[in-house]
Amino acid sequence: MAQAHVSVQAEDFDTGAEIERLGARSRQIGAVVSFTGLVREILGEAAMELEHYPGMTERALHAIATEALERWPLDGVRVIHRHGRLAPGERIVLVVTASRHRQAAFEAAAFIMDYLKTRAPFWKKEAGPDGGTWVDARESDDQAAARWST
Amino acid sequence: MAQAHVSVQAEDFDTGAEIERLGARSRQIGAVVSFTGLVREILGEAAMELEHYPGMTERALHAIATEALERWPLDGVRVIHRHGRLAPGERIVLVVTASRHRQAAFEAAAFIMDYLKTRAPFWKKEAGPDGGTWVDARESDDQAAARWST
Amino acid sequence: MRVLYFAWLRERIGAASEEIDPGDAATPAELIETLKAREERYAHAFADMTAVRVAIDQDMAALDTPLAGAREIAFFPPMTGG
Amino acid sequence: MRVLYFAWLRERIGAASEEIDPGDAATPAELIETLKAREERYAHAFADMTAVRVAIDQDMAALDTPLAGAREIAFFPPMTGG
Numbered sequence: 069m070a071q072a073h074v075s076v077q078a079e080d081f082d083t084g085a086e087i088e089r090l091g092a093r094s095r096q097i098g099a100v101v102s103f104t105g106l107v108r109e110i111l112g113e114a115a116m117e118l119e120h121y122p123g124m125t126e127r128a129l130h131a132i133a134t135e136a137l138e139r140w141p142l143d144g145v146r147v148i149h150r151h152g153r154l155a156p157g158e159r160i161v162l163v164v165t166a167s168r169h170r171q172a173a174f175e176a177a178a179f180i181m182d183y184l185k186t187r188a189p190f191w192k193k194e195a196g197p198d199g200g201t202w203v204d205a206r207e208s209d210d211q212a213a214a215r216w217s218t
Numbered sequence: 069m070a071q072a073h074v075s076v077q078a079e080d081f082d083t084g085a086e087i088e089r090l091g092a093r094s095r096q097i098g099a100v101v102s103f104t105g106l107v108r109e110i111l112g113e114a115a116m117e118l119e120h121y122p123g124m125t126e127r128a129l130h131a132i133a134t135e136a137l138e139r140w141p142l143d144g145v146r147v148i149h150r151h152g153r154l155a156p157g158e159r160i161v162l163v164v165t166a167s168r169h170r171q172a173a174f175e176a177a178a179f180i181m182d183y184l185k186t187r188a189p190f191w192k193k194e195a196g197p198d199g200g201t202w203v204d205a206r207e208s209d210d211q212a213a214a215r216w217s218t
Numbered sequence: 010m011r012v013l014y015f016a017w018l019r020e021r022i023g024a025a026s027e028e029i030d031p032g033d034a035a036t037p038a039e040l041i042e043t044l045k046a047r048e049e050r051y052a053h054a055f056a057d058m059t060a061v062r063v064a065i066d067q068d069m070a071a072l073d074t075p076l077a078g079a080r081e082i083a084f085f086p087p088m089t090g091g
Numbered sequence: 010m011r012v013l014y015f016a017w018l019r020e021r022i023g024a025a026s027e028e029i030d031p032g033d034a035a036t037p038a039e040l041i042e043t044l045k046a047r048e049e050r051y052a053h054a055f056a057d058m059t060a061v062r063v064a065i066d067q068d069m070a071a072l073d074t075p076l077a078g079a080r081e082i083a084f085f086p087p088m089t090g091g
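Protein chains in written order, with my numbering: chain A, 69 to 218; chain B, 69 to 218; chain C, 10 to 91; chain D, 10 to 91.
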């Protein structure tokens, strides 16, 4: 089974380079799917702060990526999640999956994002007056994650 | 409705730049999904030749991308398909979708790839002795496309 | 009427495109019958009709779609892009 | 036992982590009751238990998971990453 490669970092990442690196792992790879999450502008240009649980974050992301490798015939998985202060338009998260089958690559990337939303210990706080507002978890994310449990 | 941007070209493309460009279109975009198709190594290092129907190819890709824009709440769609001689490991096709909702971005990209496989006039010929072999269409591609028709 | 051939249909017929007078042919299927009767290479190329797809004026069509007014007709095997 | 708090639980309690003797508490729920009885800020932070999640030694756990042998316990609201 291929290995998952997971990073939790404050720095930005190079989407194109990550996609190229994963695709170059094997000449049997025909499909590379990527998901890039961006900070949406909710209220003006205010930045947000992404808090996480160092140690557990890496464990949780690795567990999710490994579950994807067990469920689908993948040749590689790459997950990068940023933390700290992020402005609207900035990249937050990258998931890349590589496979010989395009449907496996698509499904695995969607699965990782759905699980990551509800199982990776990150909390978003939107900057604002009164010290900002913690973003509420969304029920739609729970529902999205539930569709993968059989 | 956002506009689809479609290219058919012999030249390679810059995956990272295309993803970044589409994501920067609106500050409401939270999700950018990309699919990159690579030439798999089937029999040794032999290249393949991708023939297409100039004129109809652009029309067909544009129709598929426009259908995706009608079906999902997207902020942008980019499709690039190469033709001509391609060696194993080279990029063939890129589909990028941007949306405020990750599931819309995922589904639209998968839809475009499924339709493209059965509706865009491209034909692959694998190089080899006796002038090479035309790749057979796969029933699984017809089935993948059929799941989107309601 | 301009007729185009792609992939192995092009190779078997030995031409990428040609001008053809459709005569009485009212559909792609009838045009194919006319061509097959004309020369052996067409009979060879169109031997397995389950593997033949057709586009009229660059839109996918069926073998029994009326040709009326068509300027360009293309024959090709199932697509294998992506 | 090391206890960690994140997001608005951290803010309401006024600490990111502390060493706590769990005493007789055998589960996260019992530990929370002990803390709430001790000081008002804990009662405030843990007022709505439907919004509290728990991890034991960096694995997700339930409020009634046995604490036996745990070295690190963390309380936080539902996750909002991605």
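There may be inaccurate statements among the hints.
[Stated by the list, open to error] To give an idea of the interface, some chain C residues facing chain B are shown, with a C-beta separation under 10 Å as derived from the structure: (1) F15; (2) G32; (3) H53; (4) D68; (5) L76; (6) A79; (7) F85; (8) P86; (9) P87; (10) T89; (11) G90; (12) G91.
Quick caveat, the hints were computed from the structure, so don't treat them as lab data.
Every residue, glycine too, gets a C-beta built ideally from N, C-alpha and C.
Minimum beta-carbon distance criterion (10 Å), F85/C to chain B = holds, 6 Å
task = Grab the minimum C-beta distance from H53/C to chain B and call the hint holds if it beats 10 Å, violated otherwise.
result = Check failed: Cβ of H53/C comes no nearer than 15 Å to chain B, outside 10 Å.
query = Should the interface hint for G90/C be scored as holding, given a Cβ-Cβ cut-off of 10 Å against chain B?
reply = Given a least distance of 3 Å, the restraint on G90/C holds.
query = Taking 10 Å as the limit, does the beta-carbon of L76/C come near enough to a beta-carbon in chain B?
reply = This interface hint is violated because 17 Å lies over the 10 Å limit.
message = Tell me if the interface restraint on A79/C is satisfied: Cβ within less than 10 Å of some Cβ in chain B.
response = violated, 13 Å
ask   = Any CB of chain B closer than 10 Å to the CB of P87/C?
value = holds, 3 Å
ask   = Under the criterion of a CB-CB separation shorter than 10 Å, is P86/C in contact with chain B as hinted?
value = This hint holds: P86/C lies near chain B, its Cβ roughly 7 Å from the closest one there, short of 10 Å.
query = Given F15/C as an interface hint, is the shortest Cβ-Cβ distance to chain B below 10 Å?
reply = holds, 6 Å
ask   = Can the hint on D68/C be confirmed by a CB-to-CB distance to chain B that is less than 10 Å?
value = Holds - the Cβ of D68/C comes within 10 Å of chain B, reaching about 8 Å at its closest.
Evaluation of the interface hint that places G32/C against chain B, nearest CB under 10 Å = This interface hint is violated because 25 Å lies over the 10 Å limit.
request  = Double-check G91/C for me: the hint is only fine if its C-beta lies closer than 10 Å to a C-beta in chain B.
outcome  = holds, 4 Å
task = Answer holds if the nearest beta-carbon of chain B is closer than 10 Å to that of T89/C; otherwise answer violated.
result = This interface hint holds because 5 Å falls under the 10 Å limit.
Of the numbered hints stated above, those contradicted by the structure are hints 2, 3, 5, 6, listed in ascending order.
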